Amino acid sequence: MPRNSLSAACYHRYRIAVLPRSESYRSRPTLFFLILFLLCFVVSPRAFSADSNSLDDAVRQLADRIAAIPNLHGPLRLEFHADANLAADSTWQDSLRQELEKHRLPVTDESSAPLLKIGAVETPTQVVLSASTRIGDRDDVRIVTFTRATLSTPALAVAPIRIARQLIYESSDRILDASAFGNAAEGGLAVLLDRNAGLFALRLDPSGAVKQTVSLAAANLRATRDPRGELIDKGASAEVLLPGKICEFSWAAGEEPKCRAKKVEARTATVLTSPCDTSNWKLETKGEDWSSPDLLQIAPDSAARAGSAALFNEFPGPILSINGELDPGSALIVARNLRTGNYEVYKITLHCGN
Amino acid sequence: MRFTKSLCIAAISAALLFSLAATSASAARRPHYGGTLRVELLSSTFSLDPREWKPGSLSAREDEKLAALVYDRLVTLDDYGRFQSALAVEWSRDAAAKNWQFKLRPNVKFSDGTPLTPADVVTALQSVLTGNLQLAASENSITIRSPHPVPDLLEQLASGPHFIFRALPDDTLLGTGSFYVAEIDAASPYESNPLATKPARLRFRANEESWAGRPFLDAIEVTLGEPPLRQLFDLQVGKADIVEVAPDLVRKARQDNLRVWSSAPNTLLALRFDEAQPATADVHLREALALSLDRDTMANVLLQKQAEPSAALLPNWLSGYAFLFESPMNLERAKEIRSSLPANEAGGAEPLRLHVDATGDLMKLLAERVAVNARQANLSVQVITHIVSSTGGAAPISSATPPMGMHLFTWHYDSLSPRVELDALLRQLHLEPSAENSLPFIEPEQRFTEERRLLEERRVLPLVLLPEYVGIATPVRNWMPARWGAWRLADVWLEKGESAPPAPTAGASPENSAMPHGRGAHP
Numbered sequence: 001m002p003r004n005s006l007s008a009a010c011y012h013r014y015r016i017a018v019l020p021r022s023e024s025y026r027s028r029p030t031l032f033f034l035i036l037f038l039l040c041f042v043v044s045p046r047a048f049s050a051d052s053n054s055l056d057d058a059v060r061q062l063a064d065r066i067a068a069i070p071n072l073h074g075p076l077r078l079e080f081h082a083d084a085n086l087a088a089d090s091t092w093q094d095s096l097r098q099e100l101e102k103h104r105l106p107v108t109d110e111s112s113a114p115l116l117k118i119g120a121v122e123t124p125t126q127v128v129l130s131a132s133t134r135i136g137d138r139d140d141v142r143i144v145t146f147t148r149a150t151l152s153t154p155a156l157a158v159a160p161i162r163i164a165r166q167l168i169y170e171s172s173d174r175i176l177d178a179s180a181f182g183n184a185a186e187g188g189l190a191v192l193l194d195r196n197a198g199l200f201a202l203r204l205d206p207s208g209a210v211k212q213t214v215s216l217a218a219a220n221l222r223a224t225r226d227p228r229g230e231l232i233d234k235g236a237s238a239e240v241l242l243p244g245k246i247c248e249f250s251w252a253a254g255e256e257p258k259c260r261a262k263k264v265e266a267r268t269a270t271v272l273t274s275p276c277d278t279s280n281w282k283l284e285t286k287g288e289d290w291s292s293p294d295l296l297q298i299a300p301d302s303a304a305r306a307g308s309a310a311l312f313n314e315f316p317g318p319i320l321s322i323n324g325e326l327d328p329g330s331a332l333i334v335a336r337n338l339r340t341g342n343y344e345v346y347k348i349t350l351h352c353g354n
Numbered sequence: 001m002r003f004t005k006s007l008c009i010a011a012i013s014a015a016l017l018f019s020l021a022a023t024s025a026s027a028a029r030r031p032h033y034g035g036t037l038r039v040e041l042l043s044s045t046f047s048l049d050p051r052e053w054k055p056g057s058l059s060a061r062e063d064e065k066l067a068a069l070v071y072d073r074l075v076t077l078d079d080y081g082r083f084q085s086a087l088a089v090e091w092s093r094d095a096a097a098k099n100w101q102f103k104l105r106p107n108v109k110f111s112d113g114t115p116l117t118p119a120d121v122v123t124a125l126q127s128v129l130t131g132n133l134q135l136a137a138s139e140n141s142i143t144i145r146s147p148h149p150v151p152d153l154l155e156q157l158a159s160g161p162h163f164i165f166r167a168l169p170d171d172t173l174l175g176t177g178s179f180y181v182a183e184i185d186a187a188s189p190y191e192s193n194p195l196a197t198k199p200a201r202l203r204f205r206a207n208e209e210s211w212a213g214r215p216f217l218d219a220i221e222v223t224l225g226e227p228p229l230r231q232l233f234d235l236q237v238g239k240a241d242i243v244e245v246a247p248d249l250v251r252k253a254r255q256d257n258l259r260v261w262s263s264a265p266n267t268l269l270a271l272r273f274d275e276a277q278p279a280t281a282d283v284h285l286r287e288a289l290a291l292s293l294d295r296d297t298m299a300n301v302l303l304q305k306q307a308e309p310s311a312a313l314l315p316n317w318l319s320g321y322a323f324l325f326e327s328p329m330n331l332e333r334a335k336e337i338r339s340s341l342p343a344n345e346a347g348g349a350e351p352l353r354l355h356v357d358a359t360g361d362l363m364k365l366l367a368e369r370v371a372v373n374a375r376q377a378n379l380s381v382q383v384i385t386h387i388v389s390s391t392g393g394a395a396p397i398s399s400a401t402p403p404m405g406m407h408l409f410t411w412h413y414d415s416l417s418p419r420v421e422l423d424a425l426l427r428q429l430h431l432e433p434s435a436e437n438s439l440p441f442i443e444p445e446q447r448f449t450e451e452r453r454l455l456e457e458r459r460v461l462p463l464v465l466l467p468e469y470v471g472i473a474t475p476v477r478n479w480m481p482a483r484w485g486a487w488r489l490a491d492v493w494l495e496k497g498e499s500a501p502p503a504p505t506a507g508a509s510p511e512n513s514a515m516p517h518g519r520g521a522h523p
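Heads up: the protein sequence lines correspond to chains A and B, in order. For what it's worth, my numbering labels the leading residue of the first sequence as 1, then goes sequentially. For what it's worth, my numbering labels the leading residue of the second sequence as 1, then goes sequentially.
Chain B extracted, bound-state conformation (with noise of 0.2 Å):
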């Protein structure tokens, strides 16, 4: 009954919308609705409930995608460095931003038909908001109180899990967004060759009445856990419109035409030392390994140009001062101070064990760059990997593994608050901020001052930083996503009769079908 109402409303919307299409003939090309926009993700498990979410980790970043397709936030922020409403209409502080108060839009409805209220803005962003603010329901508004300045709060409200959501007590979510998951399709096996594992697929319908408009896609099938080459490979055939693309396989995209766009870079790799092998208390060995360290090679050879050198844990497109940190290689001075310390440390007894998740191969061509630059200045550095099993989660180590004295981490930048993202990598890291900074890193000088003297105590070093690479289909129009890597697909459309045929629907109903972590928003 709702499936045909919305039905006619779609057929009569399109009507008028088409009596005026050729008002305007003779300017910019109309965007097009309808179709379904098929994309490959590489990630095998997803979680829609941004409660669940684990900061600067590669699978939040994938499911930040996914949730932005069925969640709005307050606000948003648009290329030119300026906020736009969302769900919040207008939005107001006091002259120390301790006191917020945000307006929020009328009559807007999840996507099963009820009201959004304030009472529901205050539970989602009690649940992913940190810092002890205090969220308060009125009439048409909510207030965010605050016991020190949060002059950045619009920066957190635009990004990261603050997503504005409903809690059922099945502990399914809804959204007020764009689209809604219509059907959920775990892996399962090949009914033809039962070795074989189909990916799992989620689709999202379009949600006809979506505050913002009616998107222009019908429908967005994701597909979960695809390789990169296949990835790659179905974009080239037209059976994908949007794929992940591997930093090792961006060469090869673009020699092969295809259309490959980059973000910002927004996820570091670096090192962390862990005081569970003691030599790595011992500063001056880690300012030795620090020296021997070649970041150019790291990221212009391994890596073939798609990555950056980084002496800063923050980007430079997000603080403004990484240029700031320098830290080149210097394998003499490294060498002097090897020599300096006692024998049996780092190669001596035994050498420092590096531990890398090997969720690729790059982590393992980087770890084992790490041993090689290491060696160069006479520290003896051993690769352990750590599987990683085929749902992304990774295997217990186990109490017989030796004690590492170095992880090789990943951190994806989920926050556009560079004080946000400072303060959570040095939570992640369990490193402690310095007695005169113990305070919100307000101003950048206090960021850069932290940041600088946690470079300095060399516990992490960071190594490079990558950009998300994306594949697009040739019919995939409007395809303007943030320089920090949200994707707004909600404004993306596909050319007519450029399109592949669409892809079968996964037959699943949300009811007998779900992923091992994924919970979703259906109407």
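Isolated chain A, as found in the complex (with noise of 0.2 Å):
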């Protein structure tokens, strides 16, 4: 059962984990109406005529709209105007000129075409999709917005030959470090994280879920720019290493973790173990500070190896925290992206050949 789950159903509704957060609540009714209410007084961005809330969806209303201009006809010679993100995929601009055609509106290479002009542009808040067209002797446009926080990350790129890396839970809230759960049976995961200047432990299950949340409020840790700590899970229980204290606390019991004053050992560097010939390989990174990705350097750690060349592997920002996972050849790794901003935990599991 969670004990201490976060009582803010309007907790600002820009910060969302991307994977589903299922945090119940075990409150009293009139907290439940009061949340019920509190969803009710906030409303999504579509409530705006010209919004939309994804890029399909955009795509759709603006196809939509340029087939309600009057006196355009078909076919139509498109012309894109996209910023450096948004013109890396095409995969929109496919589905705008299906939709086009679904209306009637049929695309063309011809010059002699009627032109339609299409923009798609990042605002500091939103997406603007524009479409122009020359009707007469003036242009018609149509523009539809949709709020940026809601573009959706593609898929991760494939991992490269003998190391497996694998996303597996991404949050807007600053993850300071992950371990995998301990109860093997159960699987999932175990993450610290700062949200809203407070530090928090979260388990998720194995598809991300979050199945409790703890709260270290307990610590009584002073505000700081550069939060640090390690959650070590040890299945029922788990311990969280903070800057000169140890906080433990059970996942089943309903009681306040135990926090007291301790001089932390720090964790060493993680090392693996290859599935093929039982050499130790080093985790290091050489990052220079937040601003910047970091490259994960795979070091041969064991005279087996000794003189293998490194392998690389390139994260899309800098790496937080490394932690050896009970597998010996796995390693959970947290870094930011800074494409999205969000803070991701990564398993990297090393494999024999590919």
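There could be a bad hint or two in this list.
Unchecked claim - Here are the simulated DSBU-like pairs of lysine-lysine, each with C-alpha atoms no more than 35 Å apart in a straight line: (1) B/Lys239 / B/Lys496; (2) A/Lys286 / B/Lys239; (3) A/Lys347 / A/Lys258; (4) B/Lys496 / A/Lys262; (5) A/Lys286 / A/Lys262; (6) B/Lys54 / B/Lys239; (7) B/Lys305 / B/Lys335; (8) B/Lys305 / B/Lys252; (9) B/Lys198 / B/Lys239; (10) A/Lys286 / B/Lys252; (11) B/Lys198 / B/Lys54; (12) A/Lys347 / B/Lys496; (13) B/Lys109 / A/Lys263; (14) A/Lys262 / B/Lys109; (15) B/Lys252 / B/Lys239; (16) B/Lys496 / B/Lys109; (17) B/Lys496 / A/Lys117; (18) A/Lys117 / B/Lys305; (19) A/Lys286 / B/Lys496; (20) A/Lys282 / B/Lys496; (21) A/Lys347 / A/Lys262; (22) B/Lys252 / B/Lys496; (23) B/Lys109 / A/Lys258; (24) A/Lys234 / A/Lys258; (25) B/Lys496 / A/Lys263; (26) A/Lys282 / A/Lys234; (27) B/Lys364 / B/Lys335; (28) B/Lys364 / B/Lys239.
Claimed, not checked - So these bits of chain B aren't anywhere near chain A, every CB distance computed over 12 Å: (29) Arg30; (30) Leu58; (31) Ala60; (32) Leu168.
By construction, these hints were calculated from the structure, which means they are not laboratory data. None of the values given here were measured: they were computed from a predicted structure. For every residue, glycine included, the Cβ atom is placed at its ideal position computed from N, Cα and C.
Taking the hints as your guide, dock the two standalone chains into a single complex.
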């Protein structure tokens, strides 16, 4: 049972975990109705007529609005003006062509065909899709917008040979550390995160849904711009190592975590064992700071592989934590994705050959 | 006493933090605490009072950067389009976006140790928010009500002058931000050489009690009024860590392998017609001049590709539709229109006078280019340079000065709301919104239509858009500014060992030194 559900149904809606987070509420009925009321009060950005809530919806809506332009007849010649991010993904452009064809507005490359300019621009808060065409002596313009924060992340690139990399969780909250959930039968993940200047330990099921949230307010830490902590999951219980403190709690019991002063021992560099020849490989990064992507270096750490070249794996942002799992062939890595701003947990596994 | 206590807290915090530092030895390099960041700015005056800022002015752009060190906002916007909590931890609104509620972060203190109250927030916002908004404070939250929808309220609160501060009876402003103003050293003559002026300096110290955590830097020292070449030199020799790089020096800085960052183009340079010279009332004359303008040459040759030609009032990164506006040069058409005008207009009886504030060579160069372009269309334009004093204030135009027909002006985009920005620009230029668009331009199509109408009237002719360029010293880490220009210095740290020795501190106390136009928050 959750012990410390975050009682913030209206917790600002822009701060969303990308994977489902089913934080169940073990609250009194009054709290339940209050939350329902607040949820009704909060309105999604769709409330405004020209708004849409995803790129797919926006493309459909734009096609509908183009089709409604009086005296516009196909076939049309399209000219795209898109920001670099949106220009790189041609899927939405193909979708728009298909949607226009559904409206009997076929697309052609003929230079004599009427020109339809299509824009796709990311402003600080929105994605603006626009269409402009000349009807008579006037440009007719249609604009559709949607909240930029809802732009989805494209699928993760395939992991390079010999290192399997899997994105297993991501959140807009700052993840400090991740640990494989100790109870192997249940699977899942435990993460330590900083949410709104407070520390929380989360237990996630294998699908990424939040099963339990434990507040570490008992640690009574000073606010810091560089929060640090390590989570060690032990199945039924867990330990959180914080600067000068250790907090222990049981996932099962309903009591507050108990924290005490303790000099924390350093987590040693993570070493993985190859399943092929039991050679050891040390995980290291060379990150300069939090403003640039990191390169994970997997260097030989045993005589058996002395002289072997290191393997490299590029991350979409700085690597913030590396934690060896129970399985000696894999590790959990927390990194910040500089493109999306989300914090991500990856599982790195060494594989033989390909 | 307070200083000693702060020092103890800092020492304990640092010890605790470093006790865990080794645990992450295999992850990305952790930030270092300490050091003084030395910043040099071109502006010679400053104001930390958001109530005094003039919308769209370049001075407000600089002031906002300094104010962001000492004040917080209710919310901030990250680089991914997500609003993040700052002094507000939760917010909600009704379906019409007319009623908003912000729950405030508990236990936030001003730099003098007094607690932030909802009443402080209401008072501060009331003095800077535009529009007919009603603000009210309750136990731990504030509400904002508007007679019409304000779906972009978060964009407004996350930008511009919308900081939270408390005004003391002596008009000093207190903030809750990551730094506080420790010293203000006014510009003064050097003792050794009274003919030379020692630039003004501001020193900000880390706020140990900041709700967001102590910043990594111990202090930030800002030197004001440094000329562009001097700034670049100081960066090269390690006497400055962050400097402004003038557009005409960007190429040189890059050739010298200096680290240069550029923002999205956030300053518009444009022409505004003024009916003080009656000929400008003729729309055909304005059209002929508009068609003669060669924006590509202005951006690519005069500004060495460090600017973008612009035919729109709002930049593409803010409106999303600016690319739809085109205004190609068409000299033949311009000449044709000119020939249809009365012979005594624009060059016949008297030239069109173009007024330009001589704040730099750039403005003069652009104005002269406008005159050259106009001449190609048989229009006569005379550039009148208006001398600006060294303190940044413009000398009054004498009564003997003939009436001006055009002004070359700059506009800095300081709001993240395109609606607010367009509205502010219209008000500044004394342009009336059209009758059907008299309500706020909430929908993007409304904004587009309004902007198109203004551009077709040709009372304003956009020329080019300029980004901000910043030179960054090698030891500066976590330089992660927003693309619209916010610097975010609270997250910056200095690499030890690479830093040049700290500059000597200014000696004047806040009590006995004051800038001509400045106010500051101090503990």
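Tested hints:
1. B/Lys239 / B/Lys496: holds, 16 Å
2. A/Lys286 / B/Lys239: Satisfied, since the Cα-Cα distance of roughly 28 Å is no more than 35 Å.
3. A/Lys347 / A/Lys258: Holds, at roughly 30 Å.
4. B/Lys496 / A/Lys262: This hinted pair holds, its Cα atoms lying about 29 Å apart.
5. A/Lys286 / A/Lys262: holds, 29 Å
6. B/Lys54 / B/Lys239: Holds, at roughly 32 Å.
7. B/Lys305 / B/Lys335: holds, 28 Å
8. B/Lys305 / B/Lys252: Measuring from Cα to Cα gives roughly 13 Å; hence the hint holds.
9. B/Lys198 / B/Lys239: Between lysine 198 of chain B and lysine 239 of chain B the Cα gap is close to 15 Å, so the pair holds against 35 Å.
10. A/Lys286 / B/Lys252: holds, 31 Å
11. B/Lys198 / B/Lys54: holds, 27 Å
12. A/Lys347 / B/Lys496: holds, 33 Å
13. B/Lys109 / A/Lys263: holds, 31 Å
14. A/Lys262 / B/Lys109: holds, 30 Å
15. B/Lys252 / B/Lys239: holds, 18 Å
16. B/Lys496 / B/Lys109: holds, 31 Å
17. B/Lys496 / A/Lys117: Since the Cα atoms of lysine 496 of chain B and lysine 117 of chain A sit roughly 52 Å apart, the hinted pair is violated (cutoff 35 Å).
18. A/Lys117 / B/Lys305: holds, 26 Å
19. A/Lys286 / B/Lys496: Measuring from Cα to Cα gives roughly 17 Å; hence the hint holds.
20. A/Lys282 / B/Lys496: OK: lysine 282 of chain A and lysine 496 of chain B at ~27 Å, within 35 Å.
21. A/Lys347 / A/Lys262: holds, 30 Å
22. B/Lys252 / B/Lys496: It holds: about 28 Å lies between the C-alpha atoms, which stays within 35 Å.
23. B/Lys109 / A/Lys258: holds, 29 Å
24. A/Lys234 / A/Lys258: holds, 16 Å
25. B/Lys496 / A/Lys263: holds, 26 Å
26. A/Lys282 / A/Lys234: holds, 24 Å
27. B/Lys364 / B/Lys335: holds, 25 Å
28. B/Lys364 / B/Lys239: Distance ~31 Å between lysine 364 of chain B and lysine 239 of chain B Cα, so the pair holds.
29. Arg30: Non-interface label on arginine 30 of chain B violated, nearest chain A Cβ at 6 Å vs cutoff 12 Å.
30. Leu58: Fine: 20 Å to the nearest Cβ keeps leucine 58 of chain B off the interface.
31. Ala60: holds, 18 Å
32. Leu168: holds, 25 Å
In terms of the numbered hints stated before, the structure departs from hints 17 and 29, listed from lowest to highest.
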